[in-house]
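Participant: As you go down the protein sequences, you meet chains A and B in turn. Going letter by letter, the first sequence gives residues 1 to 115 in my numbering. Going letter by letter, the second sequence gives residues 1 to 111 in my numbering.
Simulated from the structure, these hints should not be mistaken for laboratory data. Ideal Cβ placement from N, Cα and C applies to all residues, glycine included. Certain hints may be false.
Claimed, not checked - Short derived list, chain A residues pointing at chain B, Cβ under 7 Å: (1) Leu43; (2) Phe45; (3) Gly103.
What the hints assert, rightly or not - With a Cα cut of at most 20 Å, we get these calculated SDA-like pairs of lysine to any residue: (4) Lys3(B) with Met60(A); (5) Lys98(B) with Ile54(A); (6) Lys41(B) with Arg111(A); (7) Lys44(A) with Asn96(B); (8) Lys41(B) with Val12(A); (9) Lys3(B) with Asp56(A); (10) Lys41(B) with Pro39(A); (11) Lys98(B) with Met60(A); (12) Lys41(B) with Asn7(A); (13) Lys41(B) with Leu38(A); (14) Lys44(A) with Arg36(B); (15) Lys3(B) with Asn93(B); (16) Lys3(B) with Glu40(A); (17) Lys98(B) with Asp56(A); (18) Lys44(A) with Lys3(B); (19) Lys3(B) with Gln37(A); (20) Lys98(B) with Glu41(A); (21) Lys98(B) with Asn53(A); (22) Lys44(A) with Asp38(B); (23) Lys27(A) with Ser42(B); (24) Lys27(A) with Ser45(B); (25) Lys41(B) with Glu41(A); (26) Lys3(B) with Glu41(A); (27) Lys98(B) with Ser30(A); (28) Lys98(B) with Gly97(A); (29) Lys41(B) with Gly3(A); (30) Lys62(A) with Lys98(B); (31) Lys44(A) with Ala92(B); (32) Lys3(B) with Glu57(A); (33) Lys44(A) with Leu2(B); (34) Lys44(A) with Val48(B).
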Amino acid sequence: NAGVMQNPRHLVRRRGQEARLRCSPMKGHSHVYWYRQLPEEGLKFMVYLQKENIIDESGMPKERFSAEFPKEGPSILRIQQVVRGDSAAYFCASSPGGDWGYGYTFGSGTRLTVV
Amino acid sequence: ELKVEQNPLFLSMQEEKNYTIYCNYSTTSDRLYWYRQDPGKSLESLFVLLSNGAVKQEGRLMASLDTKARLSTLHITAAVHDLSATYFCAVANFGNEKLTFGTGTRLTIIP
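For reference, chain A alone in the conformation it holds in the complex (with noise of 0.2 Å):
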């Protein structure tokens, strides 16, 4: 079980560009999630997806960030024109759903640095 696997591990981006993360979840796991951890802060959370839907987008910024998770392949989280605000660790996390005894599973993250 090769657990949820985000890619790449670290990113560096000038500012303007567009960067994309991308996370697979677990086998069998149909729930993706994404959350920002700032340095010396906790993790906050930015959406949660099904396949194909977008369920939870409340903790997404208006402009510039999207996320998906298509039928075939990762869920991606794209950012586009990034600005060193964005700098941060970004984490998937996925979930068989409705399961919520075992709770959530993370990657291990997408370092992201915009210079």
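Got chain A; can you put chain B on it based on the hints?
Facilitator: Leaving out everything else, chain B in the frame of chain A:
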């Protein structure tokens, strides 16, 4: 809006001592999680607490939940160096799958 507060934010302990981390949350919740994070790493799930009075133990760590007081505690017994990490609690409700995290407690065990 659900708010989750942890204290202390920073904790330095000597080995073999006992201590407790507190997690308070502002509204009724169905589920409470404790996670551990090592520097530069992901979150490791420690405990999931689902009901009032729930107590779970793993090694030197024990977590409990009091839903009436909206309080969870993470108790560390006879600390050892490899417990040094940042510990987060997180809260969620059935029907709302997003987790709201506390600010974290950075624990340093001093030999």
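Participant: Given the hinted pair Lys44(A) and Leu2(B), is their alpha-carbon gap at most 20 Å?
Facilitator: Between Lys44(A) and Leu2(B) the Cα gap is close to 12 Å, so the pair holds against 20 Å.
Participant: Are the Cα atoms of Lys41(B) and Leu38(A) separated by 20 Å or less?
Facilitator: Distance of about 14 Å is within 20 Å: holds.
Participant: Under the criterion that the straight-line Cα-Cα distance not exceed 20 Å, is the pair Lys44(A), Asp38(B) satisfied?
Facilitator: 18 Å, holds
Participant: Given the hinted pair Lys98(B) and Met60(A), is their Cα-Cα distance within 20 Å?
Facilitator: Status holds; Cα separation ~12 Å.
Participant: CA of Lys98(B) to CA of Glu41(A), is that 20 Å or under?
Facilitator: Answer holds: Lys98(B) to Glu41(A) is near 17 Å, not above 20 Å.
Participant: Checking one constraint from the list: CA of Lys44(A) to CA of Arg36(B), max 20 Å. Satisfied?
Facilitator: The given pair, whose Cα atoms are some 16 Å apart, holds under the 20 Å limit.
Participant: Taking only the CA atoms, is the gap from Lys44(A) to Lys3(B) under or equal to 20 Å?
Facilitator: 12 Å, holds
Participant: Compare the distance between the alpha carbons of Lys41(B) and Gly3(A) with 20 Å, and conclude whether the hinted pair is satisfied.
Facilitator: 14 Å, holds
Participant: With a cut-off of 20 Å on the C-alpha distance, tell me whether Lys3(B) and Met60(A) pass.
Facilitator: Roughly 18 Å between the alpha carbons, so the hint for Lys3(B) and Met60(A) holds.
Participant: Taking 20 Å as the top limit, are the C-alpha atoms of Lys41(B) and Glu41(A) close enough?
Facilitator: 14 Å, holds
Participant: Take the C-alpha atoms of Lys98(B) and Asp56(A), compute the straight-line distance between them, and say whether it is at most 20 Å.
Facilitator: 8 Å, holds
Participant: Does the structure keep Lys44(A) and Val48(B) at a Cα separation of 20 Å or less?
Facilitator: Holds: Lys44(A) and Val48(B) sit about 19 Å apart, inside 20 Å.
Of the numbered hints stated above, none is contradicted by the structure.
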